[in-house]
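Protein chains: 2
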Amino acid sequence: MEVYVNKDKYWSERVKNLEPYIPGEQPKDKKYIKLNTNENPYPPSPKVFEAIVNSADECLRLYPDPECTELRKAIASYHNLNEKQVFPGNGSDEILAFSFMAFFNPGNPIAFPETTYSFYPVYCNMFNIHYNLIPLDDEYSIEVDKFFNQKGGVIFPNPNAPTGKVLPLQAIRDILIHNNESTVIIDEAYIDFGGDSAVSLIDGFPNLLIIQTFSKSRSLAGLRLGFAMGNENLIEALNRVKNSINSYTIDRLAIKAGIEAIKDEVWFQSTRQKIIATRERVVASLKAMGFKVINSEANFIFITHQKCNAENLFKSLKKMGVLVRYFRKPGIDNYLRVSIGTDEEMDKFLDIISQII
Amino acid sequence: MEVYVNKDKYWSERVKNLEPYIPGEQPKDKKYIKLNTNENPYPPSPKVFEAIVNSADECLRLYPDPECTELRKAIASYHNLNEKQVFPGNGSDEILAFSFMAFFNPGNPIAFPETTYSFYPVYCNMFNIHYNLIPLDDEYSIEVDKFFNQKGGVIFPNPNAPTGKVLPLQAIRDILIHNNESTVIIDEAYIDFGGDSAVSLIDGFPNLLIIQTFSKSRSLAGLRLGFAMGNENLIEALNRVKNSINSYTIDRLAIKAGIEAIKDEVWFQSTRQKIIATRERVVASLKAMGFKVINSEANFIFITHQKCNAENLFKSLKKMGVLVRYFRKPGIDNYLRVSIGTDEEMDKFLDIISQII
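Protein sequence lines, in the order shown, are assigned to chains A and B. Anchor point for the first sequence: position 275 equals 328 in the working numbering, and the numbering is continuous, going up by one each time. Anchor point for the second sequence: position 191 equals 244 in the working numbering, and the numbering is continuous, going up by one each time.
Calculated from the structure, these hints are not laboratory results. Be aware that a few hints might be false.
Just so you know, same-sequence chains aren't split out, so a pair can sit in one copy or run between any two.
Unchecked claim - Below, in silico cross-link-like pairs of lysine-lysine (DSSO-like), each with a Cα-Cα straight-line distance of 30 Å or less:
| hint | residue 1 | residue 2 |
| --- | --- | --- |
| 1 | K368 | K340 |
| 2 | K137 | K327 |
| 3 | K316 | K81 |
| 4 | K371 | K84 |
| 5 | K69 | K204 |
| 6 | K100 | K199 |
| 7 | K401 | K60 |
| 8 | K62 | K204 |
| 9 | K87 | K126 |
When you get a sec, could you build the whole thing from the sequences and use the hints?
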């Protein structure tokens, strides 16, 4: 017989005060056109499968390389860095969590956009870090000068989420110049779908940390792989955090798969170009239907329609087999975020949404 | 040109004060008989490989199930629990880190043995949790009553590390009874090599959390998979922590591999029995050579020799191609921890160590 106690009797104070992140739905009830979690509609490089099959051997009994040396070399070589400037992690979310612990301090508020990736306030809450929300302008753009002189640190995605709007490299540089006493984290989860990566600024700015992921442009959301790039002192801080939590965050198969994924430039270019082309076509069609579409350089678009309530539209789409993402949040609660799928999926989406409106 | 700044200029206060854990060496220089990280000398179940090969498909582009429902069901069914009493994680170390955040509070010291898994003080340092070190007795046993009435919580491995000594279930029960206001974590990484799991106590003790791993008895160190079991309120606390750090800590391949590993009882029994038999044989041979061997119910043994300095022995073994673990720590600095390998490996080890002494 189970003994009854208050649900939170053994919880730490930290846990009692948490408001965990809720990821986009991974539906099990039926087959949807799944445009809700910004996954890549194309499979990873065939070389990834080959690497996994070849690595599924008796070595699985052994711990992986805790430093992921080969993977770091492959990423460093791709981005013209040295391997000490690279930190791989179990998805970019884990690296974000480690970064909040590594670079931000309680009592010294950090800055991020009011409308942005909704995991940032969760990390703040988790690690007791205060924050200033900087509103976007009327066109949903980040106002660069409002991010100057932020003593506690700065973080934002580029392109921003869920808007898809990108900042040019010059704007990133301005933000870095005006925050030389604190760490500036650029979350480049979606950078391969349009914008310019700030990786070229790493050597000039010892306070710049860039986080990228294999989940979107490399089609490996299911394998949990992300990486940070920056000055080696920043990377050392991340290693110190990792080695105080879990010595081996990336398994043997993911290491091998990541190496092959980053090497297969032909596959990478062809799939990302297809997604960009599809996005541009879908944007044109939606505009023709009367949608307002924010300029996106990501693998998703953020859309609104003057005559259709977004929440109702979300529900109707779901009923008709299309999953998109709706955020019940002031300022963006009449928008939908739609991931870019294959041409076939997006044709169906356009067909269904035109029927609804 | 890289700009020079103080190494720790952008580090958080937390990072500056860290003393990260150093895992056992994963050598790349030459082929060793590797008895230093308690890996299983036998490969995982053949069904694990089959599952990985079958899952290396285009679904890798999609996020895994954040709740790992199928894996939780498989583990729950194996241990006669319900799936809400199970929390899987990226290795048991990650679950330990989450548990320190979920159940322990700064300002309320927890208790663990003075000689134990050396990651515990690292977590305390990381999350600012004070601790009381409880000395082992002269025979390296945990003294049960010294763990009574610990207001902040209790954690220890059973069998203990690096001694391999096990506590009987009645002792665990006594510790639980005398700590009904705080969480007691039993780290059962090595339980399958001899001791009795406390899993049967879960329904009676809402403050009991048990942590196990696929890394040792299931031969999957390379795949990063562990799990916690306990009252569903404790499991909810772990989920709240996880969902404030990383929604998906276990990848699609590890989920499938874990399900097959836990189902293959024949493989599990045969490999663990082989390891136990090898251990008993090695212990007898070492004793015949004059070694003192602490009674071990784990897949490693903790040994000392009156006439041989352990650090020198460690170095000589390494020179002769055998890696074991040496801890430069008062009280145990004349001991070596030796993982149990295959019969062939252990015969070589016995041969080499007899030459040295």
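Which of the numbered hints above does this structure break? 2, 6 and 7
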